[in-house]
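Q: Since chain A is already given, all that's left is putting chains B and C on it; use the hints.
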Amino acid sequence: MKTILFIIQKEFKQIFRNKAMLPIIFVLPIMQIVILSFAATFEVTNIELAYIDNDKSTYSRELISKFKASNYFTINGELSSAKQGFDAMQKGEIDVFIEIPSNFERQLIKEKEIALSIQIDAINGASAGVENAYINQIIQKFNAKIRAELMPVIPKSKGLKRLELTPSYWYNETLDYKTFMVPGIIVLLVTMVTFFLSGMNIVREKEIGTLEQINVTPIKKYQFIIGKLFPFWVLGIFILFFGMNIGRFLFEVPLLGNPFVILLFASIYILVFLGMGFLISNFTDTQQQAMFIAWFFVVIFILMSGLFTPIESMPSWAQKLTEFNPIRYFIEVIRMVMLKGSGFQDILPQLIKITVYAIVMNILAVVSYRKVS
Amino acid sequence: MKDQNIIQVKNLTKKYGDFFAVNEISFHVKKGEIFGFLGANGAGKTTAMKMLIGISKPTYGEATVAGFDVFKNPEKIKKNIGYMSQKFALYDDLTVNENIIFFGGIYGLKRKIIKHKTKELLSYLGIEELGKTLVGSLPLGVKQKLAFSIALIHEPKIVFLDEPTGGVDPITRRQFWEMIYEKAHQGTTIFVTTHYMDEAEYCDRVSIMVTGKIEALDTPKKLKEIYKVDSMNEVFLKLARGE
Amino acid sequence: MPYMVQKTNRKEFKMKKFKGFIKKEFYHIFRDKRSLFILFGMPIAQILLFGYAVTNEINNVNIAIFDKANDAQSEKIIQNISASNYFNIEQIIYNEADIEKSFKKGKVKAVLVFEPKLAKKLTKDNKANIQVITDATEPNTATTIINYVSVILQKIQMNLNKDIKMPYQIKAQTRMLYNPELKSVFMFVPGVMTIILMLVSAMMTSISITREKEIGTMEILLVSPLKPFQVILGKVFPYIFLSIFNALVIVVIGYFVFRMPLEGSYFLLGLESVLFIVSALSLGVLISTISNTQQTAMMISLMGLLLPVILLSGFIFPIESMPRPLQIFSNIIPATWYIIILKGIMLKGVGIAYLWKETLVLIGMTIFFIALSIRNYKIRLE
Chain A
1 MKTILFIIQK EFKQIFRNKA MLPIIFVLPI MQIVILSFAA TFEVTNIELA
51 YIDNDKSTYS RELISKFKAS NYFTINGELS SAKQGFDAMQ KGEIDVFIEI
101 PSNFERQLIK EKEIALSIQI DAINGASAGV ENAYINQIIQ KFNAKIRAEL
151 MPVIPKSKGL KRLELTPSYW YNETLDYKTF MVPGIIVLLV TMVTFFLSGM
201 NIVREKEIGT LEQINVTPIK KYQFIIGKLF PFWVLGIFIL FFGMNIGRFL
251 FEVPLLGNPF VILLFASIYI LVFLGMGFLI SNFTDTQQQA MFIAWFFVVI
301 FILMSGLFTP IESMPSWAQK LTEFNPIRYF IEVIRMVMLK GSGFQDILPQ
351 LIKITVYAIV MNILAVVSYR KVS
Chain B
1 MKDQNIIQVK NLTKKYGDFF AVNEISFHVK KGEIFGFLGA NGAGKTTAMK
51 MLIGISKPTY GEATVAGFDV FKNPEKIKKN IGYMSQKFAL YDDLTVNENI
101 IFFGGIYGLK RKIIKHKTKE LLSYLGIEEL GKTLVGSLPL GVKQKLAFSI
151 ALIHEPKIVF LDEPTGGVDP ITRRQFWEMI YEKAHQGTTI FVTTHYMDEA
201 EYCDRVSIMV TGKIEALDTP KKLKEIYKVD SMNEVFLKLA RGE
Chain C
1 MPYMVQKTNR KEFKMKKFKG FIKKEFYHIF RDKRSLFILF GMPIAQILLF
51 GYAVTNEINN VNIAIFDKAN DAQSEKIIQN ISASNYFNIE QIIYNEADIE
101 KSFKKGKVKA VLVFEPKLAK KLTKDNKANI QVITDATEPN TATTIINYVS
151 VILQKIQMNL NKDIKMPYQI KAQTRMLYNP ELKSVFMFVP GVMTIILMLV
201 SAMMTSISIT REKEIGTMEI LLVSPLKPFQ VILGKVFPYI FLSIFNALVI
251 VVIGYFVFRM PLEGSYFLLG LESVLFIVSA LSLGVLISTI SNTQQTAMMI
301 SLMGLLLPVI LLSGFIFPIE SMPRPLQIFS NIIPATWYII ILKGIMLKGV
351 GIAYLWKETL VLIGMTIFFI ALSIRNYKIR LE
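Residue numbers (our numbering), protein chains in the order written: chain A, 1 to 373; chain B, 1 to 243; chain C, 1 to 382.
Errors might be hidden in some of the hints.
Computed cross-link-like contacts, EDC-like style, restricted to lysine to aspartate or glutamate with a CA-CA straight-line distance of at most 20 Å [said to hold, decoys possible]:
hint	chain 1	residue 1	chain 2	residue 2
1	A	66	A	105
2	A	206	C	212
3	C	183	A	43
4	B	76	A	212
No lab work stands behind these hints, which were simulated from the structure alone.
Just chain A, same shape as in the assembly (with noise of 0.2 Å):
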C-alpha cells in the first residue's frame, strides 16, 4: 500500500510538472464543453430562402410573406429565373428556391387548384426532410386561411372529421438541444483524458527508458497498474464534477436525479478506459503506435455512442456492436439521471454491464503487463 503511494505521488508531480499539459487537460475541456454544446443541434434554422414571383399577384405576395413572418427561414432575394436558383443552390448560396407559376392567383381562384414548385438541396437529407415540413405547414396554413375567406360555411354534419395530435415533450420542453449535448460532452472529455494520458503514460516509460528501471525493482504488479493509474482516476473525476457544474450552471441543464448515482457509475466507468488504456500501452512500443490505437478505438465509440446520432436508427448489426461500447452506456446512463431522473434502479442493467466491462479489461490489462520478457 505504501508502495502503491509513492507512485502515486510521482505521478501527480509528473502531471503538475508538465506546463503544456496542464492547459490541455483542465482549460480546453472546459473550452469544449461551452463552445461544442453550442454547436451540437439538429435544429433546423436560418434556412436561405429565394423565390420566384412570376405572378406578382396579391395572393403570391402574401405566401411570400408568410415565408417571411416564419422564424425558420431567411429570405435571401427575389429571382429571375430558375437557372439562377440552380445556380445559386450550387455555389451553395440557399437551401431552398421557390417558383409561383405566372397564374398563381387566377387559377386558384378558378381551378380551386395549382402547383407550386419548391426546389430543396436536400445534401442533409435530414435537414431537407424538416425544411420540407415547415414548408408544407406554411403552405397549408396558408390553404386554410384562403378556404376561410372564399367558401361558404359547411353544415357539420358533411363537415371534416379531424384528428388531432396534441404533442407533449417531457423534460425538455423547450426541446433546447443543449440539454441534450452537454451531459454527452462531459462523457467525451472524461473518456478522452483518461484514456489517452494512460494510454501513453505507460509508452512513455518504456519510450524513455525508465520501465526497465521499474522492472528491476521488487514492486509487485498490481501496486505499478494501481498507482498509475488512480491520478488519471481522480483526473476524470474532477473533469466529470466540473463539466457536470458548467452544466448546470452556464447552461442549465437540470439535475432531476441523484449525482452520486452517475459518481458511482464514473467511477467504474473510468476504471474501464484505464484498463483499457493500460492494455494498448502494453501491447504497444511507441506512444506513436499507443495513440494510434486508441484513436481508432474512440472515434469508433464516440460516433457509435448514440451521442449524435440515435442508436435506433443503426442497422440491427450495429446495434448489437454498441453493447461493447462503453461510452454508450455513460451516456446513457448521464443523460437518464441528470434529464429524467432516473434512480439506481432505472440504471442497473447499465451499471452492471460496465462494471463486468471493468473487470475483464483491467484483469486482462493486470496478465498482459510483464516485467519479464
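A: Chains B and C only, in chain A's frame:
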C-alpha cells in the same frame, strides 16, 4: 558455494528463434568482487545481464543471484540487487529529491529513512544545493553519479551496471570508478558491462563475450599473460578477431 | 567552370541525401506493421462502419400505447402505426404512472395516448384527440416522432374524408435536389473522409516530428547537411502518400458500397484532396513546433482537432443552425471548407468556377500554417 559465490551461472542460454543471443555461458562471481563483463556491441552482454536481473526469462540453463534462482524467484532477486542502465533511467521531469523519494519508496524504504538517505546522498555527491533541481537539467556526469547512488539506495548485495560510463569525460569516469571501488570495499558486489578497455583494467576479474559465448575469463593480469600482450585492449582485439 | 561542376555535384549529393532521408521515413512507417495495419485498416473499417451505422434517419423507434378508448378507431390507428417502419410497439401501458416508469428506464421514446370514446367523439364532434408524449431529452428524435405520427394520422384522416373534396389547394411539388432519397450517407461520407484525412495527416506528423525531438534525434538531423525545411519535408512526405491512398480508398468505398455519386471531375477532386492533405500536414508541423513531448502534441491534436472537426465543420450538425459566433468560428477550420468542396464536386457536380473561393481559403490557410511553422522553427534555432 555458500556466501562465496554470489552469482552462479551454468549453461545459461537465450534464444530468439534460431538465434543464440546468449549461448550456454557459465561463470560465477564472488562476493565483494568487481566483475567486468566485456564484449563488442551485440555480443550478448546486455541480454545476459537482463536474465540475471530478472527482466528476461532464460530459454534454458541455471543461474542463481544472491542465492535465488532466476526461474523461480526473480522478484526476490530484485530485492537484493541494484541496477543502472546505459540510459540513466531517472525521471528528467522530477527533481533530484523526488527521484530519490520515488525509487526509495518503491524499494519499500520508510519515508523517514528516505529523508535521512537523501541528505547523506546529496552531501556525499557534494550537491546539497541541487535537491530541488530537475534531473533533466543536471550535467551528464552528475546525473550518472546520482543514478548510481540511487541504484544503491536500498543497500543491495549486488549492483548491475550496464555500460555506466557511456558518453562522459575521462575525469568523470575516473571519479565514477572511485565510487565503484568504495562500494566494493564496503562489500557490495559489482557486476559491470563496458566496452572501455581501460575500465576493464580496474576490474578484479573480467569475462569477454564474443557472439553469445564467453571466450575468456580471468584477472586482467592473467589474461594479458595468456595472450602475451600489454593491455586489455589488445586482448580484446585478439579475441574479437578470433585469433 | 570547375567551380560550377563542383556546385552541381554538391547539389546532386544533397539531393541524394534528401532522398535517403525520405527513404528512412518510409522505412520507419512500413517497418512498423501494427501502425501500418491501423493506418490502412482504420479508414476502411471506419468508413464501412459509419456509412452503415451513423445515420440520423429515424426508424424502429420503441414506443408504448396507452389506449383509453379501446374502440374500432383506436384499433385502426394502432394498426397503421405498427405497420409503419418507423415504430416498434414495445409496450402496452394501462395507467398514467407507467409512462414515467417506462421513460426513466429508457425503454420507450414515446407514448401514444388515446382519449376515451375516441370513435364516438369523431362521429359526434368531427374531432378526436390523440396525445403523443415524447421523451424530449433527445429533441431531434422527439420532433421526428411527432412528425411521423402526424403524417400517419393525416393519411387516416384523408381516408375518413375521402368523400369530401377540398377546394382552394396549393399543392407543393417538391424536388429534393442532389439526394432525392434523403440518404444520410451523402452527408457522412464526405465528413468521415475529412475526419480521417485531417487526423491521419495532422496528428501523425505532429507526433512523429515531436518524437524525434523527444528522443533527441531531431538535433542530429538538424546538424546534418540537410536544411531544416528538408528535414520537415522528408518527415511529411510519406504521410502525403498515405493520406492520398486513404482518400482514394474512401472514395472508392463510398462509390461502390454506398453508391455515393461522383458527379464532378475526378481530377479536381484529386487536386483539392491533395491541397487539403497538405494543409492538414502543415497544421501538424505547426503543432509540432509548439509541443515538446508527444503527449502534448497528441493532446493538442486530439482535443483541438478531433471534436471541433466533428462538431463545427458541418459534418454532423448544420452550421447555419449554430449561434452566430460559432458560425464565424467554423470558418477558421480547414475541414469546413474541404467538406463544402467535397459535397460540391461529388454531389452537385460543380467545377472550380463554383469552388474557387473555398479553394483560395484553403490555400491561404496552408500558406499561413507553413509560414508560422517556419517562424517558430527559426525562433527555436536562434
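Q: Does each hint fit the structure? Answer for all of them.
A: Hints versus structure:
no.: 1; hint: A:66 x A:105; result: holds (16 Å)
no.: 2; hint: A:206 x C:212; result: holds (16 Å)
no.: 3; hint: C:183 x A:43; result: holds (18 Å)
no.: 4; hint: B:76 x A:212; result: holds (17 Å)
In summary, the structure agrees with every hint in the numbered list given earlier.
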